[in-house]
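Peer 1: Build the full structure now, drawing on both the sequences and the hints.
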Amino acid sequence: MPGYSNRELIIATIADLLDGIRHVAVGASSPMPAAGAMLLRARNEIAKRERVRISILGSEEHNFFTNGGVELFDCTAQGRVDAFFLGGGQIDGEANINLVGTGDYPQTEVRWPGCFGSAFMYYLVPRVILFREEHSPRVFVPKVDYISAPGVSDGIVRPGGPHALLTGMALFDFDKQKKRFSLRSVHHGYTAADVRAATGFDYDAPEIVPETKAPSAENLSILRGRVTEELSESYPAFADMLRGERREAA
Amino acid sequence: MGEIVSLEELAAEVQPGCKLGVPADYCGVAMSATAAIIANRPKNLHVVCVPVTGMQGDMLIGEGLVGTLETSAVTLGEAGGAPRFQDAVRKGSFKLMDATCPAVHSGLIAGQKGVPFLPIRGIIGSDLLKTRTDWKTIQNPFSDEEDPIIVVPAIQPDVSIFHAPEADRFGNVRIGRRRELLTMAQASKATIVTVERISEESLLKTEDSAAGVLPALYVTKIAVAPRGAWPLPLWGEYGVDTAEVARYAAMARTPEGFAAYMDGFARRLREAA
Chain A
1 MPGYSNRELI IATIADLLDG IRHVAVGASS PMPAAGAMLL RARNEIAKRE RVRISILGSE
61 EHNFFTNGGV ELFDCTAQGR VDAFFLGGGQ IDGEANINLV GTGDYPQTEV RWPGCFGSAF
121 MYYLVPRVIL FREEHSPRVF VPKVDYISAP GVSDGIVRPG GPHALLTGMA LFDFDKQKKR
181 FSLRSVHHGY TAADVRAATG FDYDAPEIVP ETKAPSAENL SILRGRVTEE LSESYPAFAD
241 MLRGERREAA
Chain B
1 MGEIVSLEEL AAEVQPGCKL GVPADYCGVA MSATAAIIAN RPKNLHVVCV PVTGMQGDML
61 IGEGLVGTLE TSAVTLGEAG GAPRFQDAVR KGSFKLMDAT CPAVHSGLIA GQKGVPFLPI
121 RGIIGSDLLK TRTDWKTIQN PFSDEEDPII VVPAIQPDVS IFHAPEADRF GNVRIGRRRE
181 LLTMAQASKA TIVTVERISE ESLLKTEDSA AGVLPALYVT KIAVAPRGAW PLPLWGEYGV
241 DTAEVARYAA MARTPEGFAA YMDGFARRLR EAA
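Top line first, the protein sequences correspond to chains A and B. For the first sequence, our numbering assigns the number 1 to the initial residue and increments by one for each residue that follows. For the second sequence, our numbering assigns the number 1 to the initial residue and increments by one for each residue that follows.
A hint or two may mislead.
To be verified - The list that follows gives simulated cross-link-like pairs (lysine-lysine, DSBU-like), each with its CA atoms no further than 35 Å apart:
hint	chain 1	residue 1	chain 2	residue 2
1	A	Lys176	B	Lys136
2	A	Lys179	B	Lys130
3	A	Lys143	A	Lys176
Unchecked claim - Sample of chain A residues lacking proximity to chain B, with all beta carbon distances greater than 10 Å (derived):
hint	residue
4	Ile46
5	Arg158
6	Ala192
Treat the hints as calculated values from the structure; they're not laboratory data. Keep in mind it's a predicted model, so treat the numbers as computed, not measured. For each residue, glycine too, the CB sits at the ideal point set by N, CA and C.
Peer 2: As structure tokens, this is what we get:
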């Protein structure tokens, strides 16, 4: 036992990926990204570093927007949102994301909710983190059936694309020139071969793949204390699940 | 202008084939009025979701009243995917105009300003452009460099509908921070609103109360519908009835289950009030 859960590792990794940002927006149904952002905010406060602002979309308390749903997009276009999270029912090796469905559009066999703001946010937010906990060949496909938003766009003013891809198994970097992911690290409990077998697209990897950096004792303590409390306000079910995991581990 | 009428009279404003603007769940969805609209069976609606929809859109689709759906997403939130929407997509039962949230806002802002289109960043390279042939790519006319940018046409709903906490007897409606409701109403030819209550005092009386108000000028008809967003939430008033939405999500998986759910829906709305 490494002394931390896979979820705690993911949350701490998200905090590291966000390091240096001042304003991050997270979705109302995205507890892990919110937890990572809250961890960063708490530890920056303790270290007397830059203040981190978190906008939880759809929340009445943790959202300072006063101009309705459009303000997130205006704020983003103005360059005032530093980081955002996107996922996808499918993600391919060129970082294209599909939030629409599988099969031939429009009569897709499996239909997901839709693009939401992805066809805008992916381009305009400087640090977009692709996050999908499920790491399987049905998610990480050679080519998406529908491009909600492209990973790379040539010849436009704000081409966007991902800063990193984080899954339940591994962390990838993305090379915008080569249009390819490269495996940065594998989470405790998994091997580089596990990741290869669970990924439907090709990617680069170093000969020896390091393990994803374990959360420090201090990070774990902030996460298990203050961050879990803060999470309870907007994501009560998720906060209870984290507490439950800890009881089981103890 | 801001006439206070019965729920039935309000619902009659939604005519077959009209372009109907509806807000996202967090803005106040007129669910009581949706039941009243469904009772009238207006076919071939073009529903414009601002910028997404949930149970309301799924119900209108399940009832076979939607001819065109213009939306950035359809979801029941924590209760999962929207079953009637998913089924209708598979069958190709209506014309689908997938969008992305800021493009819907931009189209409505163009409508609000009375200009034919608005430019918007992003979108280039997305498959949305393959079917949204009404969105065009132009060169930024102010740049000497190559700078392609998307323009989206103005959206002008025939009628928009939402639910709010309060109107005054003069027809002004409190919308608080939900400013997309102002944009939607100003872009629309007509706007109908259900409210929890009507106040005697004008909402425009003080600077504080007037700040978050949709003036009666843009409001066609108002009806009182206590708990009129149920089982969806109403900002500042009540939360979502999670169990009820989950019950809908489970029953609406089949056409028969959906029909059974809808059979008692109007009655349960009255009970919930």
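Peer 1: Taking the earlier hints as the rules, which of them does this structure contradict?
Peer 2: Violated: hint 5 alone.
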